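Taken in sequence, the protein lines are chains V and Y.
Under the working numbering, the first residue of the first sequence is numbered 1, with each subsequent residue one higher.
Under the working numbering, the first residue of the second sequence is numbered 1, with each subsequent residue one higher.
Hints were generated in silico from the structure; no laboratory data involved.
Note that this is a predicted model, so its numbers are computed, not measured.
We treat Cβ as the ideally placed atom computed from N, Cα and C, and that holds for glycine.
Any given hint could be a false lead.
[What the hints assert, rightly or not] Derived pair list, reagent style DSSO-like, types lysine-lysine, alpha-carbon separation capped at 27 angstroms:
#1 V:K404 / Y:K21
#2 Y:K2 / Y:K177
#3 Y:K194 / V:K155
#4 Y:K7 / Y:K78
#5 V:K301 / V:K71
#6 Y:K220 / V:K404
#7 Y:K78 / Y:K177
#8 Y:K177 / Y:K139
#9 Y:K117 / Y:K2
#10 Y:K136 / Y:K117
#11 Y:K177 / Y:K136
#12 Y:K17 / V:K404
#13 Y:K117 / Y:K139
#14 V:K301 / V:K404
#15 Y:K117 / V:K313
#16 V:K301 / Y:K194
#17 Y:K7 / V:K301
#18 Y:K21 / Y:K220
#19 Y:K117 / V:K404
#20 Y:K78 / V:K404
#21 Y:K17 / V:K301
#22 V:K301 / Y:K2
[To be verified] Listed next, the stretches of chain Y that the computed footprint assigns to chain V, with coverage defined by at least 3 CB atoms under 8 angstroms from CB atoms of chain V:
#23 51-65
#24 71-84
[As the list claims (entries may be wrong)] Below, a sample of chain Y positions facing chain V; criterion: calculated Cβ distance under 8 angstroms:
#25 I12
#26 Y13
#27 F89
#28 F91
#29 L100
#30 V109
#31 N114
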Amino acid sequence: MILIMAWRNIWRSMTRSLVVMGAIAVGIWAALSLTGFATGMVKSYVNNAVQNIVSHIQVHQPEFLDENEVKYNIPDAEAVEQAIRAEPGVKAVSVRSVVNGMISSSKGARGVSIKGVIPEEEARVNALDENIVEGDYLSGEGRNPILVSSELAKKLNVKVRSKVVLNFQDRGGSITAAAFRIVGIFDTDNNPFDLSHVFVRRNDLNSLLIPAADSSLAVEGLAHEIALMVDDIRQVNLIAASLSSKFPNLKVQTYREISPDLELYEGQIKNISLIYLTVIMLALVFGIINTMLMAVLERIKELGMLMAIGMNKLRVFLMIVLESALLGLVAMPVGLLLGYITIEYVGANGIDMSMYAKGLESFGMSSIIYFELDPIVYLQVAVGVFLTAILASIYPALKAIRLKPVEALRTI
Amino acid sequence: MKVITTKGVVKIYNPDKIPVKALNGVDLEISEGEFTAIVGPSGSGKTTLLNIIGGLDRPDEGDVEVGGHDIDAMSDNKLIDFRKEHIGFVFQAYNLIPVLTARENVEFVMLLQNRPKEERHGRAEELLRAVGLEDKMDKRPSELSGGQQQRVAVARALAPKPDFILADEPTANLDSKSTANLLDLMAQLNKEEKVTFIFSTHDQRVIDRARRVVTLVDGKVATDEVRESE
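Looking at chain Y on its own, in the form it has when it is part of the complex:
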């Protein structure tokens, strides 16, 4: 089943001054259960594409369908609700809520969804255990290493049971060991829980583990390579 479909997506920054075409007609389909890396040189439009798929930005031309919904037609507030229910985000700089503990960070989106307390507690513990942080549940982000913070971010992204997870250069700030651990974790979640992951990355270690690699050059899909599973 298709979770994401883009048709002729164009995004132009600075349209009035010096226009920069960040995306120049991107057609892409991503199906449930994929483990896809979007790669390309700096300025090729990876992050812009991820932002548009994630409903954080709007295309200037073209259509974006996520889970069968035309997200460009949604109001800003509706889009916030849509992201909360359907999309999980993992950011390059972890971006956890600094004043909340690991457990509270994971619970946060479920709280925004008005899920009952017991369910929130249970799921947060289950996810933190799954990412190997059962002994760090009550630590705040500042007390965790970069790799641990990124694991909390993955657990947080998974908490609301989204249709897919968008990860913008998730390993950019991690050392090799943390990168390997994080990739193992995501690959395992993808394999066992059928979680759909879409990354933007430069990192060869991530590209090597991806089962589909979409290469963007100058805002267009240059190559789209599907590999055999590991």
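Same shape as in the complex, but just chain V:
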């Protein structure tokens, strides 16, 4: 009957109860939506970086990572490539030659990292072919084709079919220059990356990197970087460890090691939801305390009567706590449902942030954010709000049991 009384009591002042329930529901909705937004943003950043830039795992010669010189290529790259392809769980592999150099047009020049790739393989590892906004992706046709980003094209004042010159050092240490024709322009939504990378065919680059006098290496054999994607991102560490043990002389790195910022952001998702939840719970605590305090203060005489006729303090305390818990429990499904609908809808359709897209892209995030939420967050929010409701009722409940029946009965 105490439960029945608590339930009926919360409907005695319907407007007040509905207002506080509304606040709880909106609080839950806001906590879920904000966490969904933050998670979506971080995932967008991580996915963007993984897909377009770092891939899941990269393999290099250790010295190449320190010195960044073309002479530190992966020895016996073809055999390594075969072994990696044979590794279970590996989805796609791209073998690249990499050299730092300068790209110049008639209007200007910039330092870039030149990546020599096999077009079909590269398309399977990153979404480069999908990021072409003008012109075409690399193909087997034509002489010395090159892909540059739209940002870089703007800086160099070039467009599709323009000619650019690449300068870099070959394996022998001599400066080499070659003309390339722009066949396509890409845009990965990550400005820093876009400005500093260009893509050419690996054989075109290798034939320039290997001096005519150097017969130790075939054009197909020169590679500095093997990038790979795995089927299941959760297996990344396992596969990397297995490759490390197979190639003790090579450096095998996961995307978290290559870009520690990704790991940091991934780790922040949990903290973000906790911070949002704490802030919202704090706001709710005061709302609920206020409501429950009003509910107690306007019922002093009734509470005095209940204690006079034999309702002990524990039961009075429980009744007030139950009233608050019921407020939370009624509002909770509404808030969770609103949050779920928002997450699902924006998760499917995305929210267009193009107003701020310029800013987002300079951080490597896309302009459309798709909300995403770990299901455990629903549980965390539900438990958090329930505990908040209980916690917020303790002070009003203590106030109620401190009443002296004889004084309470005298109030009007």
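On the provided structure of chain V, position chain Y as indicated by the hints.
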């Protein structure tokens, strides 16, 4: 058998500022089956005495024994339990639980006593029938008249089978007809069920029906008149 004994009960309000002696040495004995009115002018200490007998307030001096128990020695929580088992209350302003129906109000104290459901239901119906509200059992207090609410309050006070019922000005808010009906009901319960009633009242209609009238003046028993039964 004595149900209530007070010896030299003194109650002082505002002891630190302007002390007011609400009770100034009250000696009183009330036996089982009495139908007693405590009367007196405003401020004479009627309600204070009732509160002390009912264990709602504590005396500053003197002894109060209820059903052989020294209630002043009990802790607050123990006193709540004691009231639940031994004392029925009827208040001036009815003081029913507004969110419960008449039946639930009557059942409430039995529920606090952890009585089984069937017993609670059966007794609540029996009592509401006895007070003439068999057709209002599922109405909430706001749907009942003042007289009907006070009858529910009497039924609620009777439900746990208390040693006695304390009624603080029970007719103060009732019209003459409701007052007469309520007095008939209480007199009948007193006569047939041997329920002990103690009222505080100003109401001459109540005083006329009482079989013992204790008059308080300035916190002391001025007269104690026992009448022949009606």
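Against the structure, the hints come out as follows:
At roughly 20 angstroms between alpha-carbon atoms, V:K404 and Y:K21 fall within 27 angstroms of each other, so this suggested pair holds. At roughly 33 angstroms between alpha-carbon atoms, Y:K2 and Y:K177 are farther apart than 27 angstroms, so this suggested pair is violated. Using a Cα cut-off of 27 angstroms, the hinted pair Y:K194 and V:K155 is violated, with the two alpha carbons roughly 106 angstroms apart. The hinted pair formed by Y:K7 and Y:K78 meets the criterion: a straight-line CA distance of about 22 angstroms does not exceed 27 angstroms.
Straight-line distance between C-alpha atoms of V:K301 and V:K71 comes to about 90 angstroms, which puts the hinted pair past the 27 angstroms bound. As the CA atoms of Y:K220 and V:K404 are separated by approximately 25 angstroms, the hinted pair is consistent with the 27 angstroms bound. Pair hint Y:K78 plus Y:K177 does not hold up; C-alpha atoms about 39 angstroms apart against a cutoff of 27 angstroms. Using a Cα cut-off of 27 angstroms, the hinted pair Y:K177 and Y:K139 holds, with the two alpha carbons roughly 21 angstroms apart.
For the suggested pair Y:K117 and Y:K2, the alpha carbons sit about 33 angstroms apart, so the restraint of at most 27 angstroms is broken. The suggested pairing of Y:K136 with Y:K117 holds, with an alpha-carbon distance near 20 angstroms, which does not exceed 27 angstroms. A C-alpha spacing of about 19 angstroms is found between Y:K177 and Y:K136, which places the hinted pair at or below 27 angstroms, so the restraint holds. Under the criterion of a C-alpha separation no larger than 27 angstroms, the hint pairing Y:K17 with V:K404 is consistent with the structure, at around 20 angstroms.
Only pairs whose Cα atoms come within 27 angstroms are accepted, and Y:K117 paired with Y:K139 is accepted, the gap being roughly 20 angstroms. Proposed proximity of V:K301 and V:K404 is supported: the alpha carbons are some 10 angstroms apart, at most 27 angstroms. Annotation: proposed proximity of Y:K117 to V:K313 holds, straight-line Cα distance about 23 angstroms (limit 27 angstroms). For a cut-off of 27 angstroms, the pair hint linking V:K301 to Y:K194 is broken: about 31 angstroms separates their Cα positions.
For the suggested pair Y:K7 and V:K301, the alpha carbons sit about 30 angstroms apart, so the restraint of at most 27 angstroms is broken. For the hint linking Y:K21 to Y:K220, the alpha-carbon distance of about 10 angstroms falls within 27 angstroms, and the restraint holds. A hinted pair counts as satisfied when its Cα atoms are at most 27 angstroms apart, and Y:K117 with V:K404 does not qualify at roughly 30 angstroms. A C-alpha spacing of about 14 angstroms is found between Y:K78 and V:K404, which places the hinted pair at or below 27 angstroms, so the restraint holds.
Restraint check for Y:K17 and V:K301: satisfied, since their Cα atoms lie roughly 26 angstroms apart, inside the 27 angstroms limit. Taking the CA atoms of V:K301 and Y:K2, the gap is about 32 angstroms. The hint is violated against a cut of 27 angstroms. Judged by the Cβ-Cβ criterion of 8 angstroms, the stretch 51-65 of chain Y is covered by chain V as claimed, because 4 of its residues qualify and three suffice. Requiring three or more residues with a Cβ within less than 8 angstroms of a Cβ of chain V, the coverage given for the stretch 71-84 of chain Y holds, as 6 such residues are present.
At its closest, the beta carbon of Y:I12 sits 15 angstroms from a beta carbon of chain V; the interface hint therefore is violated under the 8 angstroms criterion. The beta carbon of Y:Y13 is not positioned within 8 angstroms of any beta carbon in chain V (closest approach about 11 angstroms), and the interface hint is therefore violated. Because the closest C-beta pair between Y:F89 and chain V is about 6 angstroms apart, less than 8 angstroms, the hint holds. Because the smallest distance between the Cβ of Y:F91 and any Cβ of chain V comes to about 7 angstroms, under 8 angstroms, the interface hint for this residue holds.
Taking 8 angstroms as the C-beta contact cut-off toward chain V, the hint placing Y:L100 at the interface holds, the least distance being around 7 angstroms. Contact between Y:V109 and chain V, as hinted, is supported at the beta carbon level, the nearest pair being about 6 angstroms apart and thus within 8 angstroms. Taking 8 angstroms as the C-beta cut-off, the interface hint given for Y:N114 is violated, the closest approach to chain V being about 11 angstroms.
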